[in-house]
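Undergrad: Just need the whole structure built from these sequences, with the hints factored in.
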Amino acid sequence: MNRETALNITSRCQFYDSEIVDLAFLAMLKQILLTGSSAVPLVDAIAQISHQDIIVIFSGVLRLWLECIQIQVQTQLAFCSGSHIGFLSNTGLITSVVSVEISVGSNQESSGSHRFSMSFMQVVIITERQIAEGNLQVLNISCSDLR
Amino acid sequence: MSRDVRWSTTTKEAKALVPVLHFMVYFILQGDLACSTVLDAGILDMLLRIYDIFPAFSKSALDAPEHWSPLLNACRSTVLALSQSQTNQSDIFAHPLCAIWANCDPRPPAYTLEPTTAYDLIVVRCVAWRTASSLCIKRRMYVLLTADLWKSNVNEIEYIEACNDIVEFTR
Numbered sequence: 001m002n003r004e005t006a007l008n009i010t011s012r013c014q015f016y017d018s019e020i021v022d023l024a025f026l027a028m029l030k031q032i033l034l035t036g037s038s039a040v041p042l043v044d045a046i047a048q049i050s051h052q053d054i055i056v057i058f059s060g061v062l063r064l065w066l067e068c069i070q071i072q073v074q075t076q077l078a079f080c081s082g083s084h085i086g087f088l089s090n091t092g093l094i095t096s097v098v099s100v101e102i103s104v105g106s107n108q109e110s111s112g113s114h115r116f117s118m119s120f121m122q123v124v125i126i127t128e129r130q131i132a133e134g135n136l137q138v139l140n141i142s143c144s145d146l147r
Numbered sequence: 001m002s003r004d005v006r007w008s009t010t011t012k013e014a015k016a017l018v019p020v021l022h023f024m025v026y027f028i029l030q031g032d033l034a035c036s037t038v039l040d041a042g043i044l045d046m047l048l049r050i051y052d053i054f055p056a057f058s059k060s061a062l063d064a065p066e067h068w069s070p071l072l073n074a075c076r077s078t079v080l081a082l083s084q085s086q087t088n089q090s091d092i093f094a095h096p097l098c099a100i101w102a103n104c105d106p107r108p109p110a111y112t113l114e115p116t117t118a119y120d121l122i123v124v125r126c127v128a129w130r131t132a133s134s135l136c137i138k139r140r141m142y143v144l145l146t147a148d149l150w151k152s153n154v155n156e157i158e159y160i161e162a163c164n165d166i167v168e169f170t171r
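Protein chains in written order, with the numbering used here: chain A, 1 to 147; chain B, 1 to 171.
Treat the hints as calculated values from the structure; they're not laboratory data.
Here are the simulated distance ranges between beta carbons:
#: 1; chain 1: B; residue 1: Thr87; chain 2: A; residue 2: Gln70; range: 56 to 62 Å
#: 2; chain 1: A; residue 1: Gln52; chain 2: B; residue 2: Ile157; range: 24 to 30 Å
#: 3; chain 1: B; residue 1: Arg130; chain 2: A; residue 2: Gln52; range: 15 to 21 Å
#: 4; chain 1: B; residue 1: Asp32; chain 2: A; residue 2: Gln52; range: 44 to 50 Å
#: 5; chain 1: B; residue 1: Thr37; chain 2: A; residue 2: Ile54; range: 41 to 47 Å
#: 6; chain 1: B; residue 1: Asn73; chain 2: A; residue 2: Ser18; range: 34 to 40 Å
#: 7; chain 1: A; residue 1: Gln76; chain 2: B; residue 2: Asn103; range: 45 to 51 Å
#: 8; chain 1: A; residue 1: Ile54; chain 2: B; residue 2: Ala34; range: 46 to 52 Å
#: 9; chain 1: B; residue 1: Leu135; chain 2: A; residue 2: Gln72; range: 31 to 37 Å
#: 10; chain 1: B; residue 1: Ser133; chain 2: A; residue 2: Ile32; range: 27 to 33 Å
#: 11; chain 1: B; residue 1: Leu135; chain 2: A; residue 2: Asp53; range: 21 to 27 Å
Derived contacts from chain A toward chain B, CB cut-off under 10 Å, selection only:
#: 12; residue: Asp17
#: 13; residue: Ala24
#: 14; residue: Met28
#: 15; residue: Asp44
#: 16; residue: Asp53
Glycine included, each C-beta is placed from N, C-alpha and C at the ideal position.
TA: So this is what it looks like as structure tokens:
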């Protein structure tokens with residue numbers, strides 16, 4: 001596969017319309033959040049499909065999860081818009097969600113046909129202390145070696 | 001949710017379906033022509049829609065098994081009656097219902113089939129969903145998303161099928 005964005009991958013519906021596909025990703029994220037590591041049948045079901053489809057599923061679930069974070073961030077920032085800063089928790093603040101490209105694929109495939117990139121959102125987390133010290137920490141989300 | 005994908009989980013509506021299906025069985029057993037008429041009317045699609053919402057019946061805290069078991073039995077009787085029509089058998093077994101609702105499906109005799117693995121059954125199920133109507137798929141997806149399938153007291157196979165369906169519907 002050539003370089004494609006996650007959006008292009010997840011919107012490429014082979015058999016079902018986009019509404020069904022979106023709901024399926026939502027249901028999958030719900031099950032992962034509810035059952036976590038005990039979701040053995042779900043893991044088994046995913047393991048039986050092709051490597052390429054597994055990547056599509058992981059990218060779709062991650063994208064959905066990041067969109068949830070983005071909504072939370074925007075809601076929190078809107079809530080705190082009256083003040084100079086908005087804290088999500090006692091330890092940190094998510095100030096922005098931006099789009100970046102992340103390479104996916106093992107080293108052996110780095111030059112092969114399976115190598116491609118996905119656009120993901122990068123979550124920037126700034127702690128209260130880092131603000132005071134002028135030291136910003138960036139949380140990078142790495143999706144390498146999914147196999 | 002659009003109006004055409006609503007379902008009900010009430011015992012009253014589950015009970016109302018049972019006599020309708022019993023009437024269908026009686027009519028189907030009149031002969032091949034009657035069976036063809038019922039098939040043309042979309043009885044198999046109707047059963048697939050019942051399958052879609054069946055978890056909502058069987059897992060509702062309000063609905064005890066004595067209420068939804070007759071509905072399952074009525075569905076089985078309907079498929080069994082349909083399958084007795086030799087002239088329509090190929091159409092019936094080609095319908096996605098027969099691959100998707102394993103509990104309801106009087107499959108052809110085992111000696112006529114090649115041995116199948118669990119993986120083969122899943123593949124057949126996936127192919128069946130791809131030929132089902134979009135409305136049936138949408139109803140199944142809504143039930144998977146909203147019904148509490150994961151804390152149910154039903155057997156494991158329903159959970160496995162639900163997981164496989166979710167994965168299939170991402171394609």
